[in-house]
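Add chain E to chain B, keeping to what the hints say.
2 protein chains.
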Amino acid sequence: MTQRPIDSNTIRIFDTTLRDGEQSPGASMNTTEKLEVANLLAELGVDIIEAGFPISSDGDFEAVKTIAEKIEGPTICGLARALPADIDRCWEAIQANPKPRIHTFIATSQIHLEKKLRKSPEEVARYAEEAVKRAREYCDDVEFSTEDAARTDRDYICEVIERAIAAGATTINIPDTVGYSNPWEFGSLIEHVFDKVSNVHQAVISVHCHNDMGLAVANSLAAIRAGARQVECTINGIGERAGNASLEEIVMNLATRSEFFGFRTGIRTEKIYRASRLVSNLTGIVVQPNKAIVGANAFAHEAGIHQDGVIKEKSTYEIMTPESVGWRGTSMVMGKHSGRHAFTDRVKELGFDLSPQQIEAAFADFKDLADRKKDVFDEDLEAICLRAQELEEIPDVEVYKLENLETIATLKGMPKATITLTKGGEILEGSAEGDGPVDAACKAIKQITGTASRLEDYRIAAITGGTDAQGNITLTVAEDDFRAVGRASGPDIIVASARAYIQALNSLESKKKVAVRTDKAESLLGKQP
Amino acid sequence: MTQRPIDSNTIRIFDTTLRDGEQSPGASMNTTEKLEVANLLAELGVDIIEAGFPISSDGDFEAVKTIAEKIEGPTICGLARALPADIDRCWEAIQANPKPRIHTFIATSQIHLEKKLRKSPEEVARYAEEAVKRAREYCDDVEFSTEDAARTDRDYICEVIERAIAAGATTINIPDTVGYSNPWEFGSLIEHVFDKVSNVHQAVISVHCHNDMGLAVANSLAAIRAGARQVECTINGIGERAGNASLEEIVMNLATRSEFFGFRTGIRTEKIYRASRLVSNLTGIVVQPNKAIVGANAFAHEAGIHQDGVIKEKSTYEIMTPESVGWRGTSMVMGKHSGRHAFTDRVKELGFDLSPQQIEAAFADFKDLADRKKDVFDEDLEAICLRAQELEEIPDVEVYKLENLETIATLKGMPKATITLTKGGEILEGSAEGDGPVDAACKAIKQITGTASRLEDYRIAAITGGTDAQGNITLTVAEDDFRAVGRASGPDIIVASARAYIQALNSLESKKKVAVRTDKAESLLGKQP
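From first to last, the protein sequence lines stand for chains B and E. So in my numbering, spot 41 of the first sequence is number 49, and the numbers just go up one at a time. So in my numbering, spot 504 of the second sequence is number 512, and the numbers just go up one at a time.
The following block holds chain B by itself, in its conformation from the complex (with noise of 0.2 Å):
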């Protein structure tokens, strides 16, 4: 039977949201927002945090390197593909950190290595090899991915695995890159591995799933029973396409069932909910109701919109408890009554570190919306303190500023925004109609500013229940090569849109200054496992 390895029943939480969750369309997020991710990663006790892909644009360089200074605890790894420039510049990026891993890949399926790659199964070999080989100059820890393992031949991937880990690989990971297979072929292919690799006890082995199929989950576990000790996944199960493995349900499970599985992870489950709606809040990409473990309806029995007898039910249908997850419903905390003192309390507790500039300006804005709003929800905090970590000023560039905004919208007619800017000195003004009045408040704003971008996406989701919710704007321009996004929230979506598009355009501007091309490198040896 299978060999397993001998020394633990401890399972690695590697998790990829910065990079793998970051590819997804639209999800893009700066550098101070991937540092808040990686301090909230830190505290949920995650093992490795995947920064980034250094090499694939200035951007990503800059926020792996900002976080392997910064972050202390979990291992910082940085991405790179099989070739020599890949790997120096990814240590280059994480080099000042004391726990620092460098994970290169390459492509190991027939169909990869001919249409991809176009190289043989022995030059593929090679270049892995080499590729560990360097970045084990650099450092002590480094992990190697067989690219579209779930779809290579097993002789094969046995042979670069073996020849990697003699390399010099201390991680082994194992992908199912496009989401192709099932816990039963999984398993069966990490069993395989432990099988047929000789020196396979010399490396930890990892895998990689993706949620094509909805099963990332279910084979992440058939290959932890197989014998990985280390899982990559993601907050929410963001990432490429149908995402990846989410990190949430694959520890509840272990959790949940350990007198079933018989293996622990270093995760602070009670920090999953608050990592859920951070990452939420900086991506965009919203958490279905339905989804498992974090979803708005995953304790619905808690949410008291149930029926009669949820008391008697709650022991009958509850395997697991809210309070194990930080689930903490809708809760009410503050009122107009409620001081800075509490107020920068509960802030700390949502897991937000703002400057003594933001807490100010989060005050206020906590104080302006308190007077209109009876029931401040944690919901709202949290939009007012990212609101306030929009508010710093993006170095270098003269930006747009809303001044006023008035929109009228009847029925029949078409509604029209007045809009006022300034920017620097200046005073800019003008007005458009529109379909509706978020869209003529954007068509003024572009008028004005005379801007060539195009909006390619825009979405809208309310944040907490009535119409007195605040809304939350994320939308995204783009013009030539460079994109940037804009986020902004409060309980009137024009103004909030308004100042979601005027982030935009100031961030924009200060790409295009900086000549850092957004989109991601993509070039001979392919993209990422």
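Calculated from the structure, these hints are not laboratory results. Keep in mind that a hint or two might mislead.
One copy or two, it doesn't matter: identical chains are merged, so the pair holds either way.
[Said to hold, decoys possible] Here are the computed lysine to any residue pairs in the SDA-like style, where the Cα-Cα straight-line distance is at most 25 Å:
#1 420 - 431
#2 424 - 272
#3 409 - 419
#4 520 - 378
#5 127 - 363
#6 424 - 43
#7 520 - 104
#8 78 - 103
#9 279 - 367
#10 375 - 272
#11 356 - 80
#12 344 - 91
#13 424 - 520
#14 420 - 235
Only chain E this time, still in chain B's reference frame:
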């Protein structure tokens, strides 16, 4: 080893979107909407439609009866606890259909026996036998479920199943009611049933998995491999808490990896995307972008948002084609020059079955939109069709109609809305301030109508990409035991919100008049599988 049914490699798809799916918080649909879903499920090729739980409310009874009368093709099934009154009422609802099925259930786990039913194992087994016998007096097709099977003693569950089959059950459903199990444990439970139940081949074995741990699809596949030949599932995986196994994921696993699983279903996969959109539109339950098969990013390499080389990648990263599930992307189909004929055709292709009056209203709406919005997408047409269907008036209730709406919003002051409604011949006017223009409009309506209801839930989603997108509003109002949903969409979200609110208030009045309690029945023998 496990005995398997000898007759078939076909998996029966039992869709419970209209029963378990509709129990999701906030998902309630009216009879017209349920009929529309049932129609599409029939087109999709599901084998069994569980249309509702007839005894739970008059509204549910009505919906099941209407579906039984109007839908031909799939078996039409109603749910009933193991009580004579439930079974009688269920039969009354479904008897008009040529292929009726009664689905009766009782909980079998120790925790449910003790804490919920307060009955001995023998008493429960007798309830099961009696229920199945009574159901068989009405019809030949009887399904029996052992609620909370995954936590039930294995010897006891086999005894209950054996006795239910002996009493005449033709399908035995084994639910993981609390979403507690995993593929290994659940697969072994099904194998155990095949090993120990002597008359197991006289019934089809079915499973019903919940997604609390993210494993509902994997558990269903494990059960199929162990011998189950029916799976219960829902469109988009909606359902109580984290939902049910998702129909589209189960079907596409079996279809895409048919060489591995060796089973087939009768589903026309190219209708999947359309079904997903319809259910999301009608329930207001969003599908997250990273949802497998039907999420907006599931085929993101198709969306034109990716990097260079997407064509080269297609063959290397794509395991199923978007076309195979009917995914069309955001396709521009219509503009201001499109005629009535093209419009009517497209509406039909999108799966809508509109009356001549509804076509009239929808076409006028389309022309109006096309005048203001250059590109009209399929998603816009869907919104228009849904709006046309909403326009049907509620009989016997004098309804409020929106005659005029004017909102003024500025950056600093409070937004203000002035509303004119009519009810019968009467003109009603009022204005209010609010946190945002939507809030102001709703407050004005509340004031004018003097409604005692409270707004329980308000959701907004943008239908297409830009700020000229149509907003899709779903809201719920509640008063005492009555609850009503309003839905509206349009390019101006203030107007759409006002329309949805008025629609909900009208519907609430209608419900109060016919005194239908909308909350689900809940008593002696518990809930549902």
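Against the structure, test the hints numbered earlier, and report the numbers of the ones violated in rising order. 2, 4, 5, 6, 7, 10, 12, 13, 14
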